[in-house]
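Q: Each chain, letter by letter, is given below.
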Amino acid sequence: MRRNSIFTWIVMILSSLVLLFIIAPLAGMFINTGATQFLETVKDKEVHQSVWLTLWVSFTATLIFSVGAIPFAWLLARKKFPAKNFVQGIIDLPIVLPHTAAGIALLGFISRDGFLGKLASFAGFDLVNHPSGIALAMAFVSLPFLINAARDGFAAVPERLEKAALNLGAGYTKVFFTISLPLAWRSITTGFVMMFARGMSEFGAVVIIAYHPMIAPVLIYERFSSYGLNYARPASVFFILVALLFLIALRLLSFKRKVKYINNDAETY
Amino acid sequence: MLRLININRRLGDFVLSDINLEVSDGQYYVLLGRSGSGKTQLLELIAGLEHPDTGKIFLDDIEITRQRIQDRKVGIVFQDFAVFPHMTVFGNIAYPLRARKEDKKSIADKVEKAATAMNIRHILERSTEKLSGGELQRVALARTLITSPRLLLLDEPLSSLDTSLKDDLKRLLRNLNKEGQTIIHVTHDYGDAISLAKRVGVIHNGKIIQEGSVNEVFNNPSNRFVARYAGIRNFFKVDISREDGLFVGVTEHKIRFKLNGVTPARNNLLLIKSDSIIISNEMPADIELNAFKGKVTEITPSEFGMEVIIDAGDLFYTNILTSEMGKLRLIEGKEVWVSFPSKAIVVINGN
Numbered sequence: 017m018r019r020n021s022i023f024t025w026i027v028m029i030l031s032s033l034v035l036l037f038i039i040a041p042l043a044g045m046f047i048n049t050g051a052t053q054f055l056e057t058v059k060d061k062e063v064h065q066s067v068w069l070t071l072w073v074s075f076t077a078t079l080i081f082s083v084g085a086i087p088f089a090w091l092l093a094r095k096k097f098p099a100k101n102f103v104q105g106i107i108d109l110p111i112v113l114p115h116t117a118a119g120i121a122l123l124g125f126i127s128r129d130g131f132l133g134k135l136a137s138f139a140g141f142d143l144v145n146h147p148s149g150i151a152l153a154m155a156f157v158s159l160p161f162l163i164n165a166a167r168d169g170f171a172a173v174p175e176r177l178e179k180a181a182l183n184l185g186a187g188y189t190k191v192f193f194t195i196s197l198p199l200a201w202r203s204i205t206t207g208f209v210m211m212f213a214r215g216m217s218e219f220g221a222v223v224i225i226a227y228h229p230m231i232a233p234v235l236i237y238e239r240f241s242s243y244g245l246n247y248a249r250p251a252s253v254f255f256i257l258v259a260l261l262f263l264i265a266l267r268l269l270s271f272k273r274k275v276k277y278i279n280n281d282a283e284t285y
Numbered sequence: 640m641l642r643l644i645n646i647n648r649r650l651g652d653f654v655l656s657d658i659n660l661e662v663s664d665g666q667y668y669v670l671l672g673r674s675g676s677g678k679t680q681l682l683e684l685i686a687g688l689e690h691p692d693t694g695k696i697f698l699d700d701i702e703i704t705r706q707r708i709q710d711r712k713v714g715i716v717f718q719d720f721a722v723f724p725h726m727t728v729f730g731n732i733a734y735p736l737r738a739r740k741e742d743k744k745s746i747a748d749k750v751e752k753a754a755t756a757m758n759i760r761h762i763l764e765r766s767t768e769k770l771s772g773g774e775l776q777r778v779a780l781a782r783t784l785i786t787s788p789r790l791l792l793l794d795e796p797l798s799s800l801d802t803s804l805k806d807d808l809k810r811l812l813r814n815l816n817k818e819g820q821t822i823i824h825v826t827h828d829y830g831d832a833i834s835l836a837k838r839v840g841v842i843h844n845g846k847i848i849q850e851g852s853v854n855e856v857f858n859n860p861s862n863r864f865v866a867r868y869a870g871i872r873n874f875f876k877v878d879i880s881r882e883d884g885l886f887v888g889v890t891e892h893k894i895r896f897k898l899n900g901v902t903p904a905r906n907n908l909l910l911i912k913s914d915s916i917i918i919s920n921e922m923p924a925d926i927e928l929n930a931f932k933g934k935v936t937e938i939t940p941s942e943f944g945m946e947v948i949i950d951a952g953d954l955f956y957t958n959i960l961t962s963e964m965g966k967l968r969l970i971e972g973k974e975v976w977v978s979f980p981s982k983a984i985v986v987i988n989g990n
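Protein sequences appear in the order of chains A and B.
Residue numbers for the first sequence follow the numbering used here, beginning at 17 and rising by one.
Residue numbers for the second sequence follow the numbering used here, beginning at 640 and rising by one.
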């Protein structure tokens, strides 16, 4: 049997330490959560509502913003335009901003005095302390994940295939929906899942926009600051489990969709 | 009829310049050039995937220089086929018909007809990811031909196929052309050009340097580059003078060529086809022949038998049959005579 070199051993030890750093706190949290406490939390209506709110608001935000983000990603992958690098920098900005600062910036935009806030007021509702405001905060900090993944996906589609489709008489819209989008689908789905996951785990920006209704990260914070670690832990475990289930389901769905495209395309459009 | 008038296009450091080209209806035009010569770029300009910086393109006397790709009626089959990997063979061939929003029945009928013509009916429901190069090529052809293009552009269609598949596809392309399909085929392969072309253009460094029928181009190459394409390896830079009323060409190594009936050109370069050179053990009796004594320096197997290189001051490349090798008892280092008539010499412009 081939023996590992010293270098490989060092790399393996360092990798294990990093992995342990991620797993240990989570495992500790799961181990330290008693079954009784956990079952009580599962039955807690406030926890239910907050987890459900987190999931559907993040999903809706991802879905709505993908309508603009996906074509935008195609534009970035395919077209040359002035200040393209600058635009790319703006997209990445929410990743480097402190999220509370992002929340403050957004609050100025969506409060009653802000442009979007005024528009919402005309429609008869207030974005602050409202699920739509939470959705905007989640989208603000998580959009780069979708745009960047989708852009890489479109860039990996051979341009020649799009040109071939144009040569075969398809218009630009048809080419986008039948060639570019299906071929970049896997990266787009990955970006979609990442945006959704990042959105639902957001605390800093959301807490500035809406303390109530309470999304799960805010609820966990509130339980921790009001009642302590033991009270916050079961809610955290429950939220993590539900979020994991949701993410796995989304991954499985996207895999099935990919298989379907390969086998049954003749009937899909 | 396709007409390109003074087409110029800069692509980074590369320039397609002063391209003038006419391809009549029903023509099989082969554009021959090395990789990087600009042949694919020229096809893309005709197809509308790129636009020229200056110049005009006409198809059937209608200017299409800036016309949208979708409206040109020019079909292109790419070198890498560009078959859609997420669709079945049926999905690929049906793609242009669906783009035109034809009804399902008409699509199914047309796809079946096209697939039968290309002999790929049995793989219609297969994913394209599992097809061979030859099958992919046929799918790409069927998909383009179903659009009934006025002009079919083929980018190195034979380059990735093995010999038997190549022959099949050549037959298919010849038949298509016989049925009236106008074809422009770009290739780097001289063999493809002579076996398919009715007319040939040679492109080099973004310029079409010679054009004409296959015989015109390869029997009278206008320069060294075209001659090399025709497989000619015997080139001699000479100074031409007149001796006793006859032209004589002398190389740097003092080899003297008798040039009876040869018209000198500027910057004279003599070329001689390998097949025209005869090897003998004795000096030829015919004094009209050019004959030089030399030493065999290399013998290597070639497509036609053996290639023998003889150093007679300058190197002569010759092709002989294997049976003749035995008769002449040729071995490396042996002294032999090379001879050829003056009419085997072509004088071209050395520049």
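No lab work stands behind these hints: they were computed from the structure.
Hints are not guaranteed to be accurate.
Counterexamples of contact, computed for chain B against chain A with all Cβ distances above 10 Å [what the hints assert, rightly or not]:
hint	residue
1	PRO724
2	THR783
3	SER915
4	PRO940
5	ARG968
Calculated cross-link-like contacts (lysine-lysine; reagent style DSS-like; alpha-carbon spacing at most 27 Å) [stated by the list, open to error]:
hint	chain 1	residue 1	chain 2	residue 2
6	B	LYS769	A	LYS190
7	A	LYS95	B	LYS749
8	B	LYS712	B	LYS769
9	B	LYS749	A	LYS190
10	A	LYS95	B	LYS712
11	A	LYS190	B	LYS743
12	B	LYS752	A	LYS190
13	A	LYS190	B	LYS932
14	A	LYS190	B	LYS876
15	B	LYS809	B	LYS876
16	A	LYS61	A	LYS190
17	A	LYS96	B	LYS695
18	A	LYS190	A	LYS59
19	B	LYS712	A	LYS190
Some chain B residues close to chain A (C-beta under 7 Å, calculated; not the full set) [to be verified]:
hint	residue
20	ALA686
21	LEU688
22	ILE708
23	GLN709
24	PHE717
25	ALA721
26	TYR734
27	GLY900
Since the model is a prediction, treat every value here as computed from it, not as a measurement.
Here a beta-carbon is modelled for each residue, glycine too, at the ideal position from N, C-alpha and C.
Q: Hint by hint, note whether the structure agrees.
A: Outcome of the hint check:
1. PRO724: violated (7 Å)
2. THR783: Given a closest Cβ separation of 7 Å, the condition is violated.
3. SER915: holds (44 Å)
4. PRO940: For PRO940(B), whose nearest Cβ neighbour in chain A is about 39 Å away, the distance exceeds 10 Å, so it holds.
5. ARG968: The claim holds: ARG968(B) sits with its nearest Cβ about 56 Å from chain A, beyond 10 Å.
6. LYS769(B) to LYS190(A): holds (26 Å)
7. LYS95(A) to LYS749(B): It is violated: about 36 Å lies between the C-alpha atoms, which goes past 27 Å.
8. LYS712(B) to LYS769(B): violated (30 Å)
9. LYS749(B) to LYS190(A): OK: LYS749(B) and LYS190(A) at ~21 Å, within 27 Å.
10. LYS95(A) to LYS712(B): Holds. LYS95(A) to LYS712(B) sits at ~26 Å (cutoff 27 Å).
11. LYS190(A) to LYS743(B): holds (18 Å)
12. LYS752(B) to LYS190(A): Since the Cα atoms of LYS752(B) and LYS190(A) sit roughly 25 Å apart, the hinted pair holds (cutoff 27 Å).
13. LYS190(A) to LYS932(B): It is violated: about 71 Å lies between the C-alpha atoms, which goes past 27 Å.
14. LYS190(A) to LYS876(B): Not satisfied, since the Cα-Cα distance of roughly 59 Å exceeds 27 Å.
15. LYS809(B) to LYS876(B): violated (38 Å)
16. LYS61(A) to LYS190(A): Roughly 47 Å between the alpha carbons, so the hint for LYS61(A) and LYS190(A) is violated.
17. LYS96(A) to LYS695(B): Measuring from Cα to Cα gives roughly 26 Å; hence the hint holds.
18. LYS190(A) to LYS59(A): Violated. LYS190(A) to LYS59(A) sits at ~49 Å, over the 27 Å cutoff.
19. LYS712(B) to LYS190(A): The hint holds at about 18 Å.
20. ALA686: Nearest chain A Cβ about 6 Å off; hint holds.
21. LEU688: holds (5 Å)
22. ILE708: holds (4 Å)
23. GLN709: holds (5 Å)
24. PHE717: holds (6 Å)
25. ALA721: Hint on ALA721(B): holds, closest Cβ of chain A at ~4 Å, below 7 Å.
26. TYR734: The hint holds - TYR734(B) has a Cβ within 7 Å of chain A, the shortest such distance being about 6 Å.
27. GLY900: violated (51 Å)
Hints 1, 2, 7, 8, 13, 14, 15, 16, 18, 27 from the earlier list are contradicted by this structure; the remaining hints agree with it.
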